[in-house]
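Same order as they appear, the protein sequences are chains A and B.
Counting from 1, one number per residue, gives the positions in the first sequence under our numbering.
Counting from 1, one number per residue, gives the positions in the second sequence under our numbering.
If you are wondering where the hints come from, they were derived from the structure by calculation, not from laboratory data.
What you are looking at is a predicted structure, and each value in this text was computed from that prediction instead of being measured.
Treat the hints loosely; a few may be bogus.
For identical chains, the list gives no copy identity; a pair is met inside one copy or between any two copies.
Within a straight-line C-alpha distance of at most 20 Å, the following computed SDA-like cross-link-like pairs (lysine to any residue) qualify [said to hold, decoys possible]:
id, residue 1, residue 2
1, Lys120, Thr76
2, Lys22, Ser197
3, Lys115, Ala131
4, Lys115, Ala125
5, Lys120, Leu57
6, Lys22, Leu192
7, Lys182, Phe166
8, Lys120, Pro81
9, Lys2, Ala87
10, Lys209, Arg113
11, Lys120, Asp138
12, Lys115, Arg139
Protein chains: 2
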Amino acid sequence: MKLYHSTSSPNSRRVRIFLAEKGLAVPLVPVDLGQGEQHGDAYRQINPRHVVPTLVLDDGIAIGEVPVISRYLEDTHTEPPLFGRTAEEKALTAMWERRIEQEGFASVMEAIRNKLPGLKTRAVAGPHDYAQIAELVDRGAQRVRNLFADVDARLRDSAYVAGPQFSVADITLLATVDFAAKAIDVQIPEGLTALRSWHEAASQRPSAKA
Amino acid sequence: MKLYHSTSSPNSRRVRIFLAEKGLAVPLVPVDLGQGEQHGDAYRQINPRHVVPTLVLDDGIAIGEVPVISRYLEDTHTEPPLFGRTAEEKALTAMWERRIEQEGFASVMEAIRNKLPGLKTRAVAGPHDYAQIAELVDRGAQRVRNLFADVDARLRDSAYVAGPQFSVADITLLATVDFAAKAIDVQIPEGLTALRSWHEAASQRPSAKA
């Protein structure tokens, strides 16, 4: 299999970190987002939503959507588990991962896509054009701040987001924190000490460089 | 196990249809959204995002997020398969389900939550207040229309959304089409004959009444 990705894509980074935690070396195929390669005929055959990343299997099956790619890799490469081991652990891990994605990661994406001058007609990723809505910039940033406070409360009771073990939910949170700092200059406030400690530790894992 | 739900919640309907297709009879516990029961202390212990549905297991484990509930039910009640049988089929089904959810179902939700006078400070579901943004009403409706056109093209090549078998992706599409018609008066255009035929057939399944 191989992963179509971009080094500048935080969604691609989520999968790269996941692969690194699994100890999997998968060939990476760069997609040049700056040149619009994701909108070209060749890539649209691979991903009709025009987004990275996409995992392409040896028989040509193309799997898009980060949480789906992660779960597929988990199902086919079970060690070390990044969703837990039982059906219940898998469900709780996927639930936490999704909350962080929907409230946090997607909010950063919404803020930046509705802000960048180069994306005036591209406020939503995908095959269709949508005009930017300026009010979403501040709302997205506020959603991220609220998510940070909620996750800090969670991390006061739990070593990692989904429980006692590092999981895919931590990967999505790490990608969210770093994306928020870089793209919209939203940092973890000093008072959120549990989240800050968690972020410091997560950033020191070798996978964080992926 | 039991399902906390609301008869007026299209997200709850997605799980009810899924259960009906599985032939599972699960006790339903109503949550009175009109009275704000989802914001009360009791329900927040079950679901900190204040949303329905939540699946609560016999040991008290509470699973939120519709796609996570569906996958848990699939993992623990495998027949009939609603995600396909292999890891690859599961991935492709989850991918299609997510595309329809993110582009379609979530767009209807965004349009209606930013429109209803009763939700002026509740434009985003969850524990935090956000003011409505009027421009999202039209953008949400346009995203739904674009999704309908994209899915129509898909259904010209495929009997069901994710392939030759009815799946959870069809359930999410059915919930999306009916939600769009009811909540924001967006109907399937006459020219989208593949989607219209699919909808007519899906609506005739006994599960559609769930």
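Do the hints match the structure? See the list:
no. : hint               : verdict
1   : Lys120 with Thr76  : neither (40 Å within a copy, 46 Å between copies)
2   : Lys22 with Ser197  : neither (23 Å within a copy, 44 Å between copies)
3   : Lys115 with Ala131 : both (11 Å within a copy, 19 Å between copies)
4   : Lys115 with Ala125 : within (13 Å within a copy, 23 Å between copies)
5   : Lys120 with Leu57  : neither (35 Å within a copy, 46 Å between copies)
6   : Lys22 with Leu192  : neither (30 Å within a copy, 44 Å between copies)
7   : Lys182 with Phe166 : neither (24 Å within a copy, 42 Å between copies)
8   : Lys120 with Pro81  : neither (41 Å within a copy, 43 Å between copies)
9   : Lys2 with Ala87    : between (28 Å within a copy, 17 Å between copies)
10  : Lys209 with Arg113 : neither (25 Å within a copy, 39 Å between copies)
11  : Lys120 with Asp138 : both (16 Å within a copy, 17 Å between copies)
12  : Lys115 with Arg139 : both (12 Å within a copy, 16 Å between copies)
When the structure is compared with the earlier hints, violations turn up for hints 1, 2, 5, 6, 7, 8, 10 and for no others.
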